[in-house]
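Enquirer: Quick mapping for you: the protein sequence lines, in order, are chains A and B. Numbering follows our numbering, with no gaps: position 10 of the first sequence is 10. Numbering follows our numbering, with no gaps: position 24 of the second sequence is 1024.
It should be emphasised that the hints constitute simulated quantities derived from the structure, not laboratory data. Where hints are given, some of them may not hold.
As the list claims (entries may be wrong) - Quick list of the computed label-pair ranges, beta carbon to beta carbon:
hint, chain 1, residue 1, chain 2, residue 2, range
1, B, K1002, A, K5, 24 to 32 Å
2, B, T1371, A, D50, 34 to 42 Å
3, B, P1014, A, K123, 53 to 61 Å
4, A, T90, B, L1139, 50 to 58 Å
5, B, T1242, A, T90, 33 to 41 Å
Backbone N, C-alpha and C define an ideal beta-carbon position, used for all residues, glycine too.
The residues making up each chain are set out below.
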Amino acid sequence: MAYSKKVLDHYQNPRNVGSLDKSAPTVGTGVVGAPECGDVMKLQIQVEGDRIVDAKFKTFGCGSAIASSSLATEWIKGKTLDEALAIQNTQIVEELSLPPVKIHCSVLAEDAIKAAVNDYKSKQGGEAAK
Amino acid sequence: MKLPIYMDYQATTPCDPRVVEAMLPYFTQSFGNAASRNHRYGWEAEEAVEKAREQIAALIGANPKEIVFTSGSTESINLALKGAAEMYAEKGKHIITCQAEHKAVLDVCKHLEQQGFSVTYLQPDKSGRVSVEAVAAALRPDTILVALMWANNEVGTLNPIREIGALCKEKGVLLFTDATQAAGKVPVDVEADHVDMLCISGHKIYGPKGVGILYVRRKNPRVRLVAQMDGGGHERGMRSGTLNVPSIVGLGRACELARLEMPEESARTAALRDHLEKRLFTELDFVYLNGNREHRLPNNLNVSFAYVEGESLIMGFSDVAVSSGSACTSASLEPSHVLRSMAVGEDLAHSSIRFGIGRFTTREEVDFAATQVITAVKRLRELSPLYEMALEGIDPKTVNWQAHH
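So that you can see chain A by itself, here it is in the shape it has in the complex (with noise of 0.2 Å):
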């Protein structure tokens, strides 16, 4: 099977690889997937007022769910938690070339940055989003 480039990029060189205080109040974790489907994706934020000031990943997973989920970090970097809502797989997709057979794995990387999000959110007391 042929990568794209920039897939073997973030597979290369992933961004933001590593761990959040889970336990802290600022920082929302968010855990999707599951071991036997072949992939696991942890996303983290940190949290200052409502923008997303640090982010990091753990994945298990094909090299195109290590890229999406590398992405993903990158791109909430510095956004607003709507912002961050707001990021569909499609756009994934289009930005690593993902072929069909590897969509799930950017369905899975925005489902990761939902569950932040909302990880988040209940912890702030807050209503968690769709």
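Position chain B relative to chain A; hints supplied.
Expert: Frame of chain A, contents of chain B only:
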């Protein structure tokens, strides 16, 4: 050292230069049709084919007359299973096989089910092995055929063919075995092992692609098959079509080399395989062997690197050519049916890599590959949320995951 290093010898093998050398005259000089009885060109071709038949028969302890040339194992499997099922349908319509068989066997069995046959798909044990007791328990009065592979192409596990053969002989049931991976690697003797039909593929044993054989027993019992292709009645009426003389010559030479060099070669590849296995298991944690440590091919190593997904791992060592049992390497999005049948767990199936050692593999290559793999596993585990959990003492298996697909 030529990069990428080829370590996928269960997928295919390069032609041995000695095989190519034997084949060459039959393309341009001795190009006759082996069925031409009226001139020297035909005689030369026929002579070459008969010599190859002897070389192949010698590898498996058969009579040369019992060798039917085909285009490879897939065709041999189709001919053996469909041909026997059609021939013996009046005797019974039950077939026994195993879930870990090659797709060629499983798909032919599915086809036969549509034709009204009943098929029992035995589940192998956790090492991929089928016991003679399991076969005995599945036998029915209407069982006509048992189809079980000698060596598994993914995990290298060897089935107890001799015991199963003795059982089948005693019960009057035909035994077909797919020896595509076993021939030339472990001793095969159709008489001592009581095998009635057996297939070999040229390209798995350093011969050319597109040629193979089906061994069909002529005595005790005489196996009869319904031909699956109509034509000139070549190969005792079982497989029509002008013989592919150069490839047949190549397959013959490949079998001769395999027979002569097997003891030394199997010992050498097993030592390299053991060296690779030792390095992977000592330099990494959470590594699991898929297969059977005792009953296995000398040149295969299938391991799961937990918490790392197979396809991303293969991307990580682009200088080593291997296969993964991960879903992501196939269009189906399902991990290897062999590992699933062994119930190794879907998570570990996604993390599996098959290493194949061969005639031309060197120790230097094995060490290079081991280092690349170990480095890639370590790097990807730094990225893996599951490895992080494992190190924190949380078994990812105990987590209630929200599966998406």
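Enquirer: Each of the hints needs a verdict: does it hold here or not?
Expert: Outcome of the hint check:
| no. | hint | result |
| --- | --- | --- |
| 1 | B:K1002 / A:K5: 24 to 32 Å | 26 Å, holds |
| 2 | B:T1371 / A:D50: 34 to 42 Å | 48 Å, violated |
| 3 | B:P1014 / A:K123: 53 to 61 Å | 59 Å, holds |
| 4 | A:T90 / B:L1139: 50 to 58 Å | 56 Å, holds |
| 5 | B:T1242 / A:T90: 33 to 41 Å | 54 Å, violated |
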